[in-house]
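Could you slot chain U onto chain H? The hints should help.
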Amino acid sequence: MALILNEEQQMLKESADGFLREVAPVEALRKLRDERNVDGFSRSLWQQMTDMGWPGILIPEEYGGLAFGHVGMGQISEACGRTLTASPLFASAVLGASALALAGSEQQQKELLPKISAGELLLALAVDEGPRYDPLAIAMAAKKNSSGYVLNGAKQFVVDGHSAQTFIVCARTDGAVGTSAGLTLFLVDAAAPGVQVERVIMADSRNSAMLRFNDVVVDRDAILGELHGGFTPLQQVLDIGNAHLAAELLGISLEVFERTVKYLQERKQFGVIIGSFQGLQHRAAHLFSELQQARSVVLRALQGLQENHPDRGRQVSIAKAKVSEVAQLATNEAIQMHGGIGMTDDLDLGFFIKRARVAEQLYGDHRYHLRRFAELSGY
Amino acid sequence: MDTTKTQPLAGSERGGQADTADEFRAQVRQWLASNCPQSMQKPLVDFDDRCWGGRHCVYASDDQRVWLERMAVRGWTAPEWPLEYGGGGLSKEQAKILREEMERIDARPPLSSFGLWMIGPAILKYGSDALKKQHIPPIVRGEIRWCQGYSEPGAGSDLASLQTRAEDRGDHFIVNGQKVWTSYADQADWMFCLVRTAPDVPKHLGISLVLFDMETPGVATRPIKLISGKSPFCETFLDDVRVEKNQVVGEINKGWEIAKYLLTHEREMIGNLGKNTAGAKSLSELAVAAIGVDGGILRDPSLREAVARWEVDMCAYELTAERVVDEARAGQGVGAASSVLKYAGTELNKRRFELLLGIHGLDALAWEGEAFNDGLLASQWLRSKGNSIEGGTSEVQLNVISKRILGLG
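Protein sequence lines correspond, in order, to chains H and U. Mapping of the first sequence onto this note's numbering: residues 1 to 379, in sequence order. Mapping of the second sequence onto this note's numbering: residues 1 to 409, in sequence order.
Next comes chain H alone, as it looks inside the complex:
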């Protein structure tokens, strides 16, 4: 597949960019933060996104979606990076919808996908139990009883967990901690008895939740996919998640870079614009070169997912590893080149660097994905 966007994807990118800049720019996130908004996102923005069909972009048409694919959704993810737009799009329409589409039974898909597509149902994926991404370390137990399973344990850093109605929970039905066999995905109602949700506000002013499960009873048909076979679809869902996080990180990096170059063209010291100093020019040019390469790996990863390429896992790890490092460089350089003003909360740069680090750490930072790349490459 050629490494360019087709006309429809380009149009979606431009309209998403324009829409988000107008309706949900960084100031919107600042406002949500400052007023300690209960949802952590704007319900009316979510309605507008729903009106445009965004929650259904990855959902098949038969279930009310647009089936537009990952390259298209990736353009929205990138645009959301540029504006730091908070919404349930990632948790529900990317992770949740993909988990159902990959592992759900026909019945589950028929029941839930149209609701996700319509923006009515918000899902959240509960994987990690510690601060550093490690799906094999899942210890949360799901014990069989007469009618189904009983869940006990805790999940951490569940993206948008406090606003979701339904959780997709990965728990251990078999096998030892540290192994992939014996993991099972469950659909759990957030209001089910024994479920405790505690909102954790993160540095990026986005939401994450701590979930506690005390003897939570679910039916057998709450299993998503195969019993003991949850790891494979989970990996695929997280590959999808990581590709869209990489697209978001690309958007963040491009935005802070463009703002920084603009500042270099305006800011005067010693009687000249600071962009005339070669010491800064070369750092900016190096960053430009890195950004070009980040763009290429993100597009290839999205294309790989879209066409179900056999190497897509590796392509995603390449993208997450590369873009995470580029985003670190871009955000760090942005603050340094802006000087003192870059450290102030009045300027938006702080929002970008905070979101960049959270997005990097989610589902594996660059070191994790370099190791995974090596493993998948046979060393």
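One thing to keep in mind: the hints can contain errors.
Mimicking DSS-like on lysine-lysine, the simulated pairs with C-alpha atoms at most 27 Å apart in a straight line are [what the hints assert, rightly or not]:
| hint | chain 1 | residue 1 | chain 2 | residue 2 |
| --- | --- | --- | --- | --- |
| 1 | H | K13 | H | K31 |
| 2 | H | K262 | U | K403 |
| 3 | H | K268 | U | K403 |
| 4 | U | K350 | U | K385 |
| 5 | U | K260 | U | K350 |
| 6 | U | K350 | U | K225 |
Keep in mind the hints are simulated off the structure, nothing from the lab.
Frame of chain H; chain U shown alone:
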């Protein structure tokens, strides 16, 4: 990508024209099958496997000579050049089919030359009809080998300050000066050379691109030894060399524009050095072979991460090179792509050799002895240091990016 799949010719209706592309592909495939010698259906392993042509060409084998002759007769050494000057006269789409069919059977390029890559395209773009008639056909046939007279002892990164003088003597110039870093000057037949034709104007406005035979009296060359050992580079001394006025490419004093056009080509060539030659082992395969694995994991965890980071960066670079081509075909893309690729590609190649030293340890630094391949790796490692200097230093590429793309300066 499935390169055997047939694609309709661009810009044409589906149907009828697609058959033409199909037919062309079938013809090419058949012709290659009966004309490309078996020994030429093997990936190039090193520089010496290439055929450079020229008056003094020593062919590595009869097959190499035959392969060049057969391709040259069809003009397929320069597939897209016009028929009237001996080129293949193929459309972009047909040339792509030829390329794909050659790649399919690992056919070696029949000819590698600065004529094909650099001065040929420049003459076709800027030269007079007489120059085209004189120089293009021998380039296509591989009869004349060219070298590039650009850098001077006092004009490296600041190439436009070159001092080699061309004095106007009516119908000819008399050229005096010295060129340096002239690749293969000692084996080349003709030189394309930047000279100063107007001394009293701003430096960019007094430069011309001239062509002359290396056998002209007053031309002398001397090879340069590098830290890596022997090299193709030479110093070239020009002492009262007579150059006919009809051997100026484009207009007199307007050579800088052509020079810049050629530098872009050179950048692209050098930037591609980091790419693995087909069939060569990847960095991680070399690391596994030298260091070994434990439970499937490279024994040195710190080297493992460094190798993985390099391979990831290399993927990003290769995908970017691919994207630049795709964007150009679609009429999109940012400028200065060649500067980005030159900068990124050469820095990657240097990193690769530093990692190879880490992988092979002191084996990589043995300088003599058959067991150590006569110091080949050490020599390649040292040679790679020049990649980010030749063809415009990394710093010059960064200047180009910051001025032309970022508007800083």
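Checked against the structure, which of the hints given earlier come out wrong?
-> Going through the list in order, the structure violates no hint and respects every one.
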